[in-house]
Amino acid sequence: MPSPGDSDRSAPANLERSDEPGPAPVAGDAPGDGIVKAVIYPPIGIARVGNSPDDYFIGPEVPDPPARPPGCYRDAEGRLKRQAARFRVYGVDARGRIVRDLTAKGSGATVRWSVKLANTKAAWYAFQLALDIPEAAMAPPTMLRNPTVADRARLAITPSARRVEGPDAGPERFDDGAFMGTPVYLGEIRTDEEGRLVVLGGRGVSRSSDGSIAITFANNEGWHDDVSDGPVTAEVTLGGRTLEAVPAWVVVAPPNYGPMRKSVRTMWDLMRDVAIKAGTLAAPRRPSYSSDILPLFRRLAGLQWVNAGFASGFGWKGLTDFTDESLLKRLGDPTPAEQELRRVVCNAFRRFDVDAWSPAPWPWVYGDAMNIPPPQSPREFVALTDTQLQMLKQWAAGDFEADYDAAPGPYRDIDEVPLAERGESLTRAALEFCLADAFHPGCEMTWPVRVATMYMEPFRWAHQAPDWIEPGLGSVLTADVITTPDGPFFGQVPGGITRWMAVPWQTDTASCSSGYDKSFDPYLPTFWPARVPNQVLTKENYAIVMDRSRPLDERLAAFADRTPWRNPLGSVSYTDQINNMVRGFGQLGVVEARPGPGDAAFPAELEVEDQHPPISAGPVAAAHPAGAAAARTEAVAPGRGGPASADAVDLGGIEKVRRFPAIRR
Numbered sequence: 001m002p003s004p005g006d007s008d009r010s011a012p013a014n015l016e017r018s019d020e021p022g023p024a025p026v027a028g029d030a031p032g033d034g035i036v037k038a039v040i041y042p043p044i045g046i047a048r049v050g051n052s053p054d055d056y057f058i059g060p061e062v063p064d065p066p067a068r069p070p071g072c073y074r075d076a077e078g079r080l081k082r083q084a085a086r087f088r089v090y091g092v093d094a095r096g097r098i099v100r101d102l103t104a105k106g107s108g109a110t111v112r113w114s115v116k117l118a119n120t121k122a123a124w125y126a127f128q129l130a131l132d133i134p135e136a137a138m139a140p141p142t143m144l145r146n147p148t149v150a151d152r153a154r155l156a157i158t159p160s161a162r163r164v165e166g167p168d169a170g171p172e173r174f175d176d177g178a179f180m181g182t183p184v185y186l187g188e189i190r191t192d193e194e195g196r197l198v199v200l201g202g203r204g205v206s207r208s209s210d211g212s213i214a215i216t217f218a219n220n221e222g223w224h225d226d227v228s229d230g231p232v233t234a235e236v237t238l239g240g241r242t243l244e245a246v247p248a249w250v251v252v253a254p255p256n257y258g259p260m261r262k263s264v265r266t267m268w269d270l271m272r273d274v275a276i277k278a279g280t281l282a283a284p285r286r287p288s289y290s291s292d293i294l295p296l297f298r299r300l301a302g303l304q305w306v307n308a309g310f311a312s313g314f315g316w317k318g319l320t321d322f323t324d325e326s327l328l329k330r331l332g333d334p335t336p337a338e339q340e341l342r343r344v345v346c347n348a349f350r351r352f353d354v355d356a357w358s359p360a361p362w363p364w365v366y367g368d369a370m371n372i373p374p375p376q377s378p379r380e381f382v383a384l385t386d387t388q389l390q391m392l393k394q395w396a397a398g399d400f401e402a403d404y405d406a407a408p409g410p411y412r413d414i415d416e417v418p419l420a421e422r423g424e425s426l427t428r429a430a431l432e433f434c435l436a437d438a439f440h441p442g443c444e445m446t447w448p449v450r451v452a453t454m455y456m457e458p459f460r461w462a463h464q465a466p467d468w469i470e471p472g473l474g475s476v477l478t479a480d481v482i483t484t485p486d487g488p489f490f491g492q493v494p495g496g497i498t499r500w501m502a503v504p505w506q507t508d509t510a511s512c513s514s515g516y517d518k519s520f521d522p523y524l525p526t527f528w529p530a531r532v533p534n535q536v537l538t539k540e541n542y543a544i545v546m547d548r549s550r551p552l553d554e555r556l557a558a559f560a561d562r563t564p565w566r567n568p569l570g571s572v573s574y575t576d577q578i579n580n581m582v583r584g585f586g587q588l589g590v591v592e593a594r595p596g597p598g599d600a601a602f603p604a605e606l607e608v609e610d611q612h613p614p615i616s617a618g619p620v621a622a623a624h625p626a627g628a629a630a631a632r633t634e635a636v637a638p639g640r641g642g643p644a645s646a647d648a649v650d651l652g653g654i655e656k657v658r659r660f661p662a663i664r665r
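Counting from 1, one number per residue, gives the positions in the sequence shown under the UniProt record's numbering.
Worth flagging that the hints you see were computed from the coordinates, not collected in a lab. Treat the hints loosely; a few may be bogus.
What the hints assert, rightly or not - Quick list of the computed label-pair ranges, beta carbon to beta carbon:
hint, residue 1, residue 2, range
1, Gly78, Ala348, 35 to 45 Å
2, Thr335, Leu419, 29 to 39 Å
3, Arg550, Glu165, 50 to 60 Å
4, Leu556, Phe490, 49 to 59 Å
Stated by the list, open to error - Each computed SDA-like pair below joins lysine to any residue, with the alpha-carbon atoms no more than 25 Å apart:
hint, residue 1, residue 2
5, Lys81, Ala67
6, Lys277, Cys346
7, Lys277, Glu432
8, Lys329, Arg286
9, Lys539, Ala465
10, Lys539, Gln611
11, Lys317, Glu540
12, Lys277, Arg351
13, Lys539, Thr483
14, Lys329, Lys277
15, Lys277, Leu389
For each residue, glycine too, the CB sits at the ideal point set by N, CA and C.
Just need the whole structure built from these sequences, with the hints factored in.
Have a look at this one:
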């Protein structure tokens with residue numbers, strides 16, 4: 001069976017092997033298809049919150065979807081739509097190959113879906129640092145959140161399971177959970193016209209139970225949000241027989257403000273590496289240039305639309321212009337003539353054993369042990385997975401599939417994908433738009449996902465039994481405690497993935513910026529620009545670029561002028577910014593694809609922020625005692641009565657980037 005990295009159009013790699021015995025095939029409407037069980041795809045679906053009460057869109061179902069039309073991410077009132085996760089059930093044969101879509105009309109199958117969501121962040125432990133790295137010993141201890149609340153169940157939002165069956169069923173709302181006695185809506189499920197499951201998350205509502213303001217990036221006491229996660233299961237009947245259905249999981253995450261962009265190391269890359277190291281997935285014998293190497297260069301170039309440093313380094317007419325097809329073709333040439341070029345590019349990527357804590361190697365992204373000042377750790381910055389680095393090494397040596405011209409174009413819609421390959425497409429599409437950069441703590445999920453015991457098979461988490469009782473882990477979480485057998489690194493429970501994240505998510509998102517140490521570079525390194533942009537091309541500058549009656553120099557200057565994406569959060573203080581994000585996250589811009597002006601001086605397609613309105617002033621943080629104390633610790637740019645932009649507020653001393661108190665400036 002080919003590995004999913006052998007080509008973009010490989011067969012699914014996470015189903016049972018052909019030499020494993022299975023139940024007798026089920027007779028159905030398609031004689032000879034040999035269905036032995038059912039499998040839910042994607043194994044991990046990603047939904048995202050939005051403040052539109054009713055409108056939503058379906059998340060990516062192919063790894064390289066076409067750009068959506070401008071405006072499609074907002075409703076008629078300009079509110080941010082939710083992203084829905086859609087699930088299908090496929091019948092597979094004894095070799096694990098998909099042979100029928102059991103959620104398609106006329107499949108002959110009956111599917112009854114069940115989903116259970118939960119948000120248990122406030123009842124879990126505070127985030128300090130990823131506990132699977134050595135630097136965790138230098139960080140403050142990982143204590144329980146809200147330790148004075150004796151009844152921990154009041155901190156967990158745990159609505160009952162919801163079920164739907166048949167086409168156009170639902171919605172069934174997750175609205176019977178509560179936080180400290182106050183009901184919280186976590187989302188809903190429904191089915192589409194084919195009977196496929198559609199999961200919607202919350203509306204981005206984050207609140208404090210006692211009216212206090214948020215004062216830090218990840219561990220705000222008394223707060224909750226409405227992200228969630230939980231199991232997706234199905235009861236499948238085909239030909240009068242009940243089929244075993246391999247379950248899935250859904251994660252409800254923050255919005256994606258850069259929906260066309262992928263990080264250089266995606267969550268699919270990371271989970272693939274975990275499976276290869278665990279021996280549950282074979283590594284490709286030879287990397288494919290079009291599938292394994294070329295995407296790295298395209299991702300570096302794509303980040304030009306969300307970070308000014310990447311624009312100058314890898315974007316249009318940049319220092320290493322990875323938008324230049326002639327360069328990309330040379331890099332896909334395996335002959336000795338281009339070997340040194342390949343070697344130079346390969347050596348530019350970070351390797352922990354070579355580069356130490358230098359910020360210069362690629363991909364210019366902060367890592368798990370990020371701190372200001374740097375802790376002199378190689379994990380201050382991120383590196384690609386070991387699998388990616390090995391493939392780069394083979395590529396540099398000329399040992400790769402030279403398929404730059406021969407590879408087919410990407411599928412643009414799941415219905416174009418051959419049936420046998422749809423499971424892999426759905427798997428990659430969901431996870432390639434999730435971040436695996438700094439787990440600090442992260443965007444959609446964080447560091448436990450790199451623990452192999454979390455998985456029942458590649459890309460699919462193990463589930464705990466509904467009546468399982470989680471062992472007590474004490475008031476302090478340590479690297480030893482979390483390895484408890486049958487603990488948090490084994491079968492998962494509803495809310496078990498998102499509980500490791502920041503509460504509320506908006507305070508972490510508002511804290512994610514770039515160039516915290518301005519003495520090195522004002523734009524680099526960066527946190528998560530593929531989801532949380534740093535500097536963007538505004539609609540106003542886009543209009544100048546598109547106006548071919550203007551002087552070329554003026555248009556080029558407008559193209560190069562990237563505005564801080566965080567500006568709507570204001571420039572008073574960090575405390576104001578994170579609380580403005582809680583109230584106004586739907587007003588932050590979404591970076592959308594738009595056509596270029598059509599002349600050779602500019603790309604054929606540009607990506608432009610759709611809006612940039614300031615968030616209206618809310619309660620003044622300094623009026624609250626806790627907020628006043630926090631605000632006094634925030635340094636702002638001197639002169640002019642305060643900073644002119646959100647990026648001028650100094651974030652170099654905030655808790656997010658001061659994880660090691662013993663290290664002084």
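Holds or violated: lysine 539 to threonine 483, with C-alpha atoms at most 25 Å apart
50 Å, violated
Worksheet entry | Pair hint lysine 317 and glutamate 540, alpha-carbon separation not exceeding 25 Å | 22 Å, holds
Restraint check for lysine 277 with leucine 389, where alpha carbons must lie at most 25 Å apart:
Answer holds: lysine 277 to leucine 389 is near 14 Å, not above 25 Å.
- Query: Do the alpha carbons of lysine 539 and alanine 465 lie within 25 Å of each other, as the hint requires?
  - Reply: 51 Å, violated
Holds or violated: the 35 to 45 Å window for the beta-carbon distance between glycine 78 and alanine 348? 42 Å, holds
Between leucine 556 and phenylalanine 490, is the Cβ distance one that fits in 49 to 59 Å? This hint holds: roughly 56 Å between Cβ atoms.
Check whether the Cα positions of lysine 329 and arginine 286 lie no farther apart than 25 Å. 18 Å, holds
Task: Range hint compliance [Cβ, threonine 335 to leucine 419, 29 to 39 Å] - done: At 38 Å between Cβs, range holds.
Exercise. Are the Cα positions of lysine 277 and glutamate 432 separated by 25 Å at most?
Worked result: 19 Å, holds
25 Å Cα cutoff - pair lysine 81, alanine 67: 16 Å, holds
For a C-alpha distance cap of 25 Å, please report whether lysine 539 and glutamine 611 respect it.
Distance of about 7 Å is within 25 Å: holds.
TODO: Below or equal to 25 Å on CA atoms is what counts here, so check lysine 277 against arginine 351.
DONE: 18 Å, holds
The structure is inconsistent with the numbered hints 9, 13 and 14, although it conforms to all the rest.
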